[in-house]
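A.B. asks: Residues per chain, in single letters:
Protein chains: 2
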Amino acid sequence: MDHEIHELGNVQLQRGATLRNARLAYKTHGRLNADRSNAIVYPTWYSGQHQDNEWLIGPGMALDPGKYFIIVPNMLGNGLSSSPSNTPEPYDRARFPQVTLYDNVRLQHRLVTERFGLERLALVVGWSMGAQQTYQWGCLYPDMVERIAPFCGSAKTAPHNHVFLEGVKAALTGDAHWNQGWYDSPPTKGLRAVGRVYAGWGLSQPFYRQELWRGMGYSSLEDFLIAFWEGFFLPKDANNLLAMLWTWQHGDISDNPVFKGDLKQALGAIQARAIVMPGAMDLYFPPQDNEWEAAQMPLAEFLPIPGVWGHFAGGGANAEDTAFIDAQLKRLLATGPASRSWHRPLHALEK
Amino acid sequence: MDHEIHELGNVQLQRGATLRNARLAYKTHGRLNADRSNAIVYPTWYSGQHQDNEWLIGPGMALDPGKYFIIVPNMLGNGLSSSPSNTPEPYDRARFPQVTLYDNVRLQHRLVTERFGLERLALVVGWSMGAQQTYQWGCLYPDMVERIAPFCGSAKTAPHNHVFLEGVKAALTGDAHWNQGWYDSPPTKGLRAVGRVYAGWGLSQPFYRQELWRGMGYSSLEDFLIAFWEGFFLPKDANNLLAMLWTWQHGDISDNPVFKGDLKQALGAIQARAIVMPGAMDLYFPPQDNEWEAAQMPLAEFLPIPGVWGHFAGGGANAEDTAFIDAQLKRLLATGPASRSWHRPLHALEK
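Respectively, the protein sequence lines represent chains A and B. Position one of the first sequence corresponds to residue 1 (my numbering), numbered consecutively onward. Position one of the second sequence corresponds to residue 1001 (my numbering), numbered consecutively onward.
Okay, chain A solo, but in the shape it has when bound:
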């Protein structure tokens, strides 16, 4: 096994269910230093697992395991942390409970405090739903999180993004083999359909016009649709995808007992220095949403990733965008932590 498990016991989730014997799978890179000041949290994204984050970690990169202690927690529902596919009866499969961003980040907070005794994080960083978790970290634990770098993700899932996901869901659940989640063999036709629906959203119009899939090793557009997109989703568990999709559709860093739905307040509570990086041509996390969000944050810089890779600007699929993100992370990590004078204790927000 290339990862560790943190046992969480019985966890009461935000929406009411109790997830018994909940577990977070995680992987670490590098070593925690003596004063515990070099920890970075880098959550996973929709259907991704810890190994899918490793393109942004390496010697000489911002996330250098020689300098930092990098913890990659797997999102609930992704097949490694507690998920429909690995939870025992009766909360297995189609009965897996609703999990929120808030649940994910509270449990990640337990991981880093209980397991590693951390009191501060040099950085929280993530792509897509990983970016949503990053924002959530920033506002829930402002005294702990010194810097954040959410890329290609928003603090609150926009209505259009919700609609895009309705299309994904309809394509998956239209397969009769899905059987309301009680499939014996995978609903492969539905999973393939998810790949085809997703293909238009993940990358921009000019990406396809310029046939940039060629540089990824695909020999025709149809080859890209089959080998990349269908191949991407076929190995994934349908109930896991639907569980994470629910989390995504309900993604809102203010939808919790702390911020009670006040998104401006939640964004304003982020005391970390932040660089917010949308993909300039992202079709479902469009830069405009991030621009508004960054304007609500005390110390945020809004900086789109140029180019035509759309959402996948943050997916590690091309060297140029990876270099851009890495350079910004280096710049962010080179700054001192935001002045503590900015910080208000969290309870001050709960008037």
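Please note that the accuracy of each hint is not assured.
Sample of chain A residues lacking proximity to chain B, with all beta carbon distances greater than 12 Å (derived) [to be verified]:
hint: 1; residue: Arg95
hint: 2; residue: Asn161
hint: 3; residue: Asp237
SDA-like cross-link-like pairs, simulated, lysine to any residue; straight-line CA separation at most 25 Å [unchecked claim]:
hint: 4; chain 1: A; residue 1: Lys67; chain 2: B; residue 2: Arg1093
hint: 5; chain 1: A; residue 1: Lys330; chain 2: B; residue 2: Ala1176
hint: 6; chain 1: A; residue 1: Lys260; chain 2: B; residue 2: Glu1222
hint: 7; chain 1: B; residue 1: Lys1260; chain 2: A; residue 2: Ser220
hint: 8; chain 1: A; residue 1: Lys264; chain 2: B; residue 2: Leu1221
hint: 9; chain 1: B; residue 1: Lys1264; chain 2: A; residue 2: Asp184
hint: 10; chain 1: A; residue 1: Lys189; chain 2: B; residue 2: Ser1185
hint: 11; chain 1: B; residue 1: Lys1260; chain 2: A; residue 2: Leu242
hint: 12; chain 1: B; residue 1: Lys1189; chain 2: A; residue 2: Leu242
hint: 13; chain 1: A; residue 1: Lys264; chain 2: B; residue 2: Asp1237
hint: 14; chain 1: B; residue 1: Lys1189; chain 2: A; residue 2: Gln180
hint: 15; chain 1: B; residue 1: Lys1189; chain 2: A; residue 2: Glu230
hint: 16; chain 1: A; residue 1: Lys260; chain 2: B; residue 2: Arg1093
hint: 17; chain 1: B; residue 1: Lys1189; chain 2: A; residue 2: Asp184
hint: 18; chain 1: A; residue 1: Lys189; chain 2: B; residue 2: Pro1159
hint: 19; chain 1: A; residue 1: Lys189; chain 2: B; residue 2: Trp1246
hint: 20; chain 1: A; residue 1: Lys189; chain 2: B; residue 2: Lys1260
hint: 21; chain 1: A; residue 1: Lys189; chain 2: B; residue 2: Gln1210
Everything labelled a hint here was simulated from the structure, so no lab data went into it. Backbone N, C-alpha and C define an ideal beta-carbon position, used for all residues, glycine too.
Based on the hints, put chain B in the right spot on chain A.
C.D. replies: Quick look at chain B alone, frame taken from chain A:
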């Protein structure tokens, strides 16, 4: 019956099949004048029928039946002209042949010449796939077409647009009731899924953020998804949708014996005065494609429809965009026909 039928006999289609007893359904508005100079052709769009074009026709509008003789031909596959749903065995249903833009426009040309003896058209205008037919008219019959106004559609279906349609197709054909086209009752789950997949593409991100569906009479986002989007596709025949989708995916005004795949030549052959109007935020016919196309045309003006209605800027769903399009059509119709000195005979293009 609110429309007429033009019988075309046995038609050999571009891709090889012979469509026997082919027919074009059409509706006319207004009267042809004595010198036959006031005819306008206004083709239909993906899954639309002639009555769905009527929002742009009316007294005081550019397309004023008191001034113009407006012919609305129904696209092949739309359920009124020859289609999977109305063609007798053996070319019925899943066996309906592949139909191209070129086929559609050649048959429309037969309609207007055989039925009405027209030698020139004051205007060809259309939305979406209707815009594609408009471009096709302009390059196939440059000596006949005086003006064109394609809106929210391209001369050649872009690869990204093709991919978007793959998602639509996968969502529809994922329904086991579809049964490779040999369904006895409609694949309603697949049709509903098409609605949900389409919903994200048809309208822009800010349309949803601003909840503009409220002004269309919907009470919640889910109400809009069910009552508008699912309701939009449920009454349509799945094989018809797939036949028109094939036409769309293969939409290319140069893919025919005249232009032999040379898109620049096809666009350059359009001698009509043109106003090309994309929706400024159209997600699948993005303005950039039209900008390039207009630059290849001798007398074209590129003029995006402002606002956030995306592809549906051209759908007649809001008064502001309708007024914008109508004003441009008035301006275009007020110009004299392009100088005949511009015109080269079509055979000059076939070196």
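A.B. asks: Between lysine 264 of chain A and leucine 1221 of chain B, does the CA-CA distance stay at or below 25 Å?
C.D. replies: holds (23 Å)
A.B. asks: Could you grab the alpha-carbon distance between lysine 260 of chain A and glutamate 1222 of chain B and see if it respects the 25 Å cut-off?
C.D. replies: Within the cut-off at roughly 23 Å; holds.
A.B. asks: Check whether the Cα positions of lysine 189 of chain A and serine 1185 of chain B lie no farther apart than 25 Å.
C.D. replies: holds (21 Å)
A.B. asks: Do the alpha carbons of lysine 189 of chain A and tryptophan 1246 of chain B lie within 25 Å of each other, as the hint requires?
C.D. replies: Roughly 20 Å separates the two Cα atoms, so the pair holds.
A.B. asks: Does arginine 1093 of chain B sit within 25 Å of lysine 260 of chain A, going by the straight-line distance between their CA atoms?
C.D. replies: violated (54 Å)
A.B. asks: Holds or violated: lysine 1189 of chain B and glutamine 180 of chain A, Cα atoms, limit 25 Å.
C.D. replies: This hinted pair holds, its Cα atoms lying about 13 Å apart.
A.B. asks: Given the proposed pairing of lysine 1264 of chain B with aspartate 184 of chain A, does the C-alpha separation stay at or below 25 Å?
C.D. replies: Judged against 25 Å, a Cα distance of about 53 Å means the pair is violated.
A.B. asks: Compare the distance between the alpha carbons of lysine 1260 of chain B and serine 220 of chain A with 25 Å, and conclude whether the hinted pair is satisfied.
C.D. replies: holds (22 Å)
A.B. asks: Confirm or reject: arginine 95 of chain A is not an interface residue toward chain B, with every Cβ-Cβ distance exceeding 12 Å.
C.D. replies: Holds, since 23 Å exceeds 12 Å.
A.B. asks: Test the statement that aspartate 237 of chain A is away from the interface with chain B: the closest C-beta pair must be farther apart than 12 Å.
C.D. replies: Holds, since 18 Å exceeds 12 Å.
A.B. asks: Going straight from one Cα to the other, do lysine 264 of chain A and aspartate 1237 of chain B come out at no more than 25 Å?
C.D. replies: violated (46 Å)
A.B. asks: Does lysine 189 of chain A pair with proline 1159 of chain B here, judged by a C-alpha cut-off of 25 Å?
C.D. replies: holds (23 Å)
Hints 2, 4, 5, 9, 11, 13, 16, 20, 21 from the earlier list are contradicted by this structure; the remaining hints agree with it.
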